[in-house]
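Participant: Here are the chains, one letter per residue:
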Amino acid sequence: MKLEKNLKNILLIFFTTLILSACSTAKKTGDIDGDVYTGKETVEYLASGVPDRVFFATNKSSLTSASRATLRKQATFLRKNKNLNVTIEGHADERGTREYNLALGERRANAAKDYLMTYGISGKRISVISYGKEKPVNPKSSPIAWSQNRRSVTVKVN
Amino acid sequence: MKKFIATLILSIFLNNNLNALIEVDITRGNLDPLPIAVSPLHVDIKSEKIEGLEVRVLGEKISEIIEKNFKNTGLFNPLQKDAFVQKPDIAHLKPRFEDWRLIKAQALITGKILVKDNKLKVEFRLWDLTAAQEMIALAFTTTPSNWRRVAHIISDKIYERLTGEEGYFDTRIIYVAESGPKNQRVKKLAIMDQDGKNTKYLTLGNELVLTPRFNPTNQMVTYMSYFRNMPRVYLLDIETGTQEIVGNFPGMTFAPRFSPDGKKIIMSFAKDGNSDIYTMELDSRLVERITEHSSIDTSPSFSPDGKFIAFNSDRSGLQQIYVMRSDGSNVKRITFGKGIYGTPVWSPRGDLIAFTKMHKGKFFIGVMRTDGTGERLLTENYYQEAPSWSPNGRVLVFYRETKAGDKGKGFSAKLWSIDITGYNERKLPTKTDASDPSWSSLLSK
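Respectively, the protein sequence lines represent chains A and B. Here the first sequence is numbered in the working numbering, starting from 1 and rising by one per residue. Here the second sequence is numbered in the working numbering, starting from 1 and rising by one per residue.
Calculated from the structure, these hints are not laboratory results. None of the hints are false.
No more than 27 Å apart at the CA atoms, straight line, and that leaves these computed lysine-lysine pairs for DSS-like: (1) B:K332 / A:K60; (2) A:K60 / A:K156; (3) A:K60 / B:K362; (4) A:K60 / B:K407; (5) B:K431 / B:K71.
Just a sample of chain A residues kept apart from chain B, beta carbon distances all over 10 Å, derived: (6) T38; (7) V43; (8) K73.
Just so you know, even glycine gets a beta-carbon here, dropped at the ideal spot from N, CA and C.
Chain A on its own, in the form it takes in the complex (with noise of 0.2 Å):
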């Protein structure tokens, strides 16, 4: 009986993991992952394979795995060249009242900062500035422009 229930539970997981993980590749279409931005198309780089922004989801200001690995490289990037400053710029989309994005993306350039910062690089070599939702990379309104707006990016100050 109990085994027979264990069983269902069981079976029960493996079905919803099924379903979700169909779900999330349905979401997956191009370059969007759920609602964050995976594509290369709007990417500089600080030097060869030091990605120079980050992407978030609508509203939010957590990172994703891809947006931690990006940061990783930067924060390298940014040991090996121990004059260099940067300023993190924070944006959203268009899709928000123009006062709350100014304080989310003032929000997403920090999420990024305190993860260089936990990596060792020194909070006085970082300023953050938020655009909110005033310097869109890409000006079309659709889910893609959106997605690659809503983003953090590193500039080297010096």
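For chain A, the structure is supplied; the task is to place chain B on it using the hints.
Facilitator: Relative to the frame of chain A, chain B by itself:
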């Protein structure tokens, strides 16, 4: 502005007839606007010539502005002038009421102007044609260059007499004038009369400027600027053009507004990824922290009595509207509807809060009671936000953006207004694209 008020000598002969019949109800959408005849103001033949001003047609021009103001309210239907049955000067003395009633007019405005010794002398009357009575007779003197404001002041007096509420015609709107491609927008502070005339630019467009708001006397503006790439709240004196940074914050300050007494600026300060609400007293420079929460708290707006503050916060997960006492205590969430809510702005009458709502990919402008009940959505569109109240609390101005195609093609930003009844939605004429409007109070009271 002060000068104008000083030279404006208002002599009011209010004829308070208790049995006057016409009344315009502005609390509902008006599907049957009041037919009104605006006679051209008679220009006195003793008028002198003035350079740069066509005195001969000034009376006609003033009447046209009055007509336009009334038409734009949606509450009045100004009648065609070619049907008018009396010459302006004769009608002004005493209208033949029965003849005017034949063209279906219910109210008549007449007037007379005299330009002499570089002064513009104006008198006007409002007549109730059904009751065959004079409702207002008013006279004032100003400088001739103020002739457009004369038209707006007359409009305000008549609107007030007919609706029982203050008008909103002798007012200005400050906004952000936009130009250039969507990903390289140039933004300047601009100010214009409520009807879109007399546009002036207050900044050159060298740096990004956002969210200008008037102080209660309309002489100061607080706004956000990226001057030297430091996003901060600024204070601008419109008459002298002097600007100063507000406070000494080690990070971005934004979303500024004045307190109702004009003595404080309330705004957000962002630090280490967290935005909270602060006030700064302008005289003493005393800074006070109002909210202390790890969420984003922004878009603060005082109640007109200064006792409460409405703001939006994502402390519940997504953006919602909250109300608290002005010292930051007693925070209460007031929006629980479907969707997310932002940009609360307290009505000058104190009874309503206007807001932006986002739901299922659409943006709405709406109003609700100050406890969040009685939500009414006035307009739905692809993107619109940032409502600002007319001084009488009857009309909202906001901005609306269109969807953009490849490379930003087809993108535009314009100012729109709508009555809180949900009727009378209309685009405001601006010289350029425009956003972030703020409506002044009445310039002359």
